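Mapping of the sequence shown onto the numbering used here: position 45 corresponds to residue 45, and the numbering continues sequentially without gaps.
No lab work stands behind these hints: they were computed from the structure. Everything numeric in this text was worked out from a predicted model, so none of it was measured. All C-beta atoms, glycine included, are put in the ideal place defined by N, C-alpha and C. One or more of the hints may lead you astray.
In the DSSO-like style, the derived pairs of lysine-lysine whose C-alpha atoms are separated by at most 30 Å in a straight line are [what the hints assert, rightly or not]:
{"#": "1", "residue 1": "LYS103", "residue 2": "LYS46"}
{"#": "2", "residue 1": "LYS104", "residue 2": "LYS8"}
{"#": "3", "residue 1": "LYS46", "residue 2": "LYS104"}
{"#": "4", "residue 1": "LYS31", "residue 2": "LYS8"}
{"#": "5", "residue 1": "LYS103", "residue 2": "LYS45"}
{"#": "6", "residue 1": "LYS85", "residue 2": "LYS23"}
{"#": "7", "residue 1": "LYS27", "residue 2": "LYS45"}
{"#": "8", "residue 1": "LYS27", "residue 2": "LYS104"}
{"#": "9", "residue 1": "LYS46", "residue 2": "LYS31"}
{"#": "10", "residue 1": "LYS8", "residue 2": "LYS27"}
{"#": "11", "residue 1": "LYS45", "residue 2": "LYS104"}
{"#": "12", "residue 1": "LYS31", "residue 2": "LYS45"}
{"#": "13", "residue 1": "LYS85", "residue 2": "LYS103"}
{"#": "14", "residue 1": "LYS85", "residue 2": "LYS46"}
{"#": "15", "residue 1": "LYS8", "residue 2": "LYS85"}
{"#": "16", "residue 1": "LYS104", "residue 2": "LYS23"}
{"#": "17", "residue 1": "LYS85", "residue 2": "LYS31"}
{"#": "18", "residue 1": "LYS104", "residue 2": "LYS85"}
{"#": "19", "residue 1": "LYS8", "residue 2": "LYS103"}
{"#": "20", "residue 1": "LYS23", "residue 2": "LYS8"}
{"#": "21", "residue 1": "LYS23", "residue 2": "LYS45"}
What follows is a set of in silico ranges between Cβ atoms, one per label pair, in the way DEER data are often shown [what the hints assert, rightly or not]:
{"#": "22", "residue 1": "GLY32", "residue 2": "ASN73", "range": "32 to 42 Å"}
{"#": "23", "residue 1": "TYR10", "residue 2": "ARG74", "range": "18 to 28 Å"}
{"#": "24", "residue 1": "LYS45", "residue 2": "TRP76", "range": "10 to 20 Å"}
{"#": "25", "residue 1": "TYR7", "residue 2": "GLU38", "range": "14 to 24 Å"}
{"#": "26", "residue 1": "ARG74", "residue 2": "GLU41", "range": "35 to 45 Å"}
{"#": "27", "residue 1": "ASP3", "residue 2": "THR81", "range": "39 to 49 Å"}
{"#": "28", "residue 1": "ASP21", "residue 2": "LYS46", "range": "28 to 38 Å"}
{"#": "29", "residue 1": "LEU77", "residue 2": "LYS27", "range": "18 to 28 Å"}
{"#": "30", "residue 1": "GLY40", "residue 2": "THR107", "range": "18 to 28 Å"}
{"#": "31", "residue 1": "GLY33", "residue 2": "PRO78", "range": "39 to 49 Å"}
{"#": "32", "residue 1": "GLY33", "residue 2": "TRP76", "range": "18 to 28 Å"}
{"#": "33", "residue 1": "ARG34", "residue 2": "GLU119", "range": "31 to 41 Å"}
{"#": "34", "residue 1": "GLU100", "residue 2": "SER44", "range": "17 to 27 Å"}
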Amino acid sequence: LQDVTFYKAYMVDDVLAILVDQKDVAKLISKGGRAIRELGEIFSKKVRVLSYRSSFREFLEELLAPASIRTINRIWLPDGTNEVKVVISYMGKRTPIDFETVKKLSTTIRNVPLRIEVERDRYKFRLSKSKTVPMKTESKLRKDREEYR
Numbered sequence: 001l002q003d004v005t006f007y008k009a010y011m012v013d014d015v016l017a018i019l020v021d022q023k024d025v026a027k028l029i030s031k032g033g034r035a036i037r038e039l040g041e042i043f044s045k046k047v048r049v050l051s052y053r054s055s056f057r058e059f060l061e062e063l064l065a066p067a068s069i070r071t072i073n074r075i076w077l078p079d080g081t082n083e084v085k086v087v088i089s090y091m092g093k094r095t096p097i098d099f100e101t102v103k104k105l106s107t108t109i110r111n112v113p114l115r116i117e118v119e120r121d122r123y124k125f126r127l128s129k130s131k132t133v134p135m136k137t138e139s140k141l142r143k144d145r146e147e148y149r
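Work out the full structure, taking the sequences as your base and the hints as a guide.
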């Protein structure tokens, strides 16, 4: 930890976000994540290591990992403010961080309000041993999406 360039740390809800130099992220995560685990135990929080000078997309990827980001869009609202809408792939029940916490961290660290949407994969067909079988019709996919929201 002596060689790591530390910039700032933020505590939001149950997450401790640590901003370090981009080249130092791997140093903190290496060795089985021992340093991060110890920090988490000391502060009784989940620890996220973020690179300080990363692009906004890289920042979101680090924050939402292991979820994969599909799209990022900027939304201009009628009152003159803007938000960023992030669409991520559906991960089941294994989201490692609460989305409300991600929104608070984004607003606190980068001063950018977020909207996070989760989208399921839209596979219409699956391959069986004998032939291609339709999985779901478009109307069933639409129903699933509405139920999920």
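Results for each hint:
1. For the suggested pair LYS103 and LYS46, the alpha carbons sit about 16 Å apart, so the restraint of at most 30 Å is met.
2. For the given pair, LYS104 sits about 16 Å from LYS8 by alpha-carbon distance, which is consistent with the 30 Å threshold.
3. This hinted pair checks out: LYS46 and LYS104 have alpha carbons roughly 15 Å apart, not beyond 30 Å.
4. Our distance criterion of 30 Å between C-alpha atoms is met by LYS31 and LYS8, whose separation comes to about 22 Å.
5. Using a Cα cut-off of 30 Å, the hinted pair LYS103 and LYS45 holds, with the two alpha carbons roughly 17 Å apart.
6. Among the hinted pairs, LYS85 with LYS23 is consistent with the structure: their alpha-carbon atoms are about 28 Å apart, no more than 30 Å.
7. For the hint pairing LYS27 with LYS45, the CA-to-CA distance comes to about 20 Å; that is within 30 Å, so the pair holds.
8. A threshold of 30 Å between alpha carbons decides the hint, and for LYS27 with LYS104 the separation of about 26 Å falls inside it, so the pair holds.
9. Pair hint LYS46 plus LYS31 holds up; C-alpha atoms about 18 Å apart against a cutoff of 30 Å.
10. At roughly 17 Å between alpha-carbon atoms, LYS8 and LYS27 fall within 30 Å of each other, so this suggested pair holds.
11. This hinted pair checks out: LYS45 and LYS104 have alpha carbons roughly 15 Å apart, not beyond 30 Å.
12. Proposed proximity of LYS31 and LYS45 is supported: the alpha carbons are some 20 Å apart, at most 30 Å.
13. Taking the CA atoms of LYS85 and LYS103, the gap is near 11 Å; set against the 30 Å cutoff, the hint holds.
14. At roughly 24 Å between alpha-carbon atoms, LYS85 and LYS46 fall within 30 Å of each other, so this suggested pair holds.
15. Between the alpha carbons of LYS8 and LYS85 the distance comes to roughly 26 Å, so the proposed pair stays at or under 30 Å and holds.
16. With a CA separation close to 25 Å, the supplied pair LYS104 and LYS23 stays within the 30 Å bound.
17. In summary, the hint linking LYS85 to LYS31 is not supported, as the alpha carbons are separated by about 35 Å, beyond the 30 Å threshold.
18. As the CA atoms of LYS104 and LYS85 are separated by approximately 14 Å, the hinted pair is consistent with the 30 Å bound.
19. Taking the CA atoms of LYS8 and LYS103, the gap is about 18 Å. The hint holds against a cut of 30 Å.
20. For the suggested pair LYS23 and LYS8, the alpha carbons sit about 15 Å apart, so the restraint of at most 30 Å is met.
21. A hinted pair counts as satisfied when its Cα atoms are at most 30 Å apart, and LYS23 with LYS45 qualifies at roughly 24 Å.
22. For GLY32 and ASN73, the hinted distance range of 32 to 42 Å is satisfied, since their beta carbons lie about 37 Å from each other.
23. Taking 18 to 28 Å as the suggested C-beta distance range, the pair TYR10 and ARG74 conforms, at roughly 23 Å.
24. Taken as a hint, the range 10 to 20 Å is violated for the pair LYS45 and TRP76, whose Cβ atoms sit roughly 35 Å apart.
25. Distance hint for TYR7 and GLU38: a CB-CB separation of about 20 Å, consistent with the stated range 14 to 24 Å.
26. The hinted window of 35 to 45 Å between ARG74 and GLU41 holds, with their beta carbons roughly 38 Å apart.
27. ASP3 and THR81 have their C-beta atoms about 41 Å apart, which keeps the hinted 39 to 49 Å range intact.
28. For ASP21 and LYS46, the Cβ-Cβ distance of about 22 Å falls outside the hinted range of 28 to 38 Å, so the restraint is violated.
29. For the pair LEU77 and LYS27, the beta carbons lie near 40 Å from each other, so the given range of 18 to 28 Å is not met.
30. Taken as a hint, the range 18 to 28 Å holds for the pair GLY40 and THR107, whose Cβ atoms sit roughly 23 Å apart.
31. Checked against the given bound of 39 to 49 Å, the beta carbons of GLY33 and PRO78, roughly 45 Å apart, stay inside it.
32. Here the CB-CB span from GLY33 to TRP76 is close to 40 Å, at odds with the stated 18 to 28 Å.
33. About 36 Å separates the C-beta atoms of ARG34 and GLU119, a value consistent with the hinted range of 31 to 41 Å.
34. The hinted range of 17 to 27 Å is satisfied by GLU100 and SER44, whose Cβ atoms lie roughly 19 Å apart.
Of the numbered hints listed earlier, those contradicted by the structure are 17, 24, 28, 29, 32.
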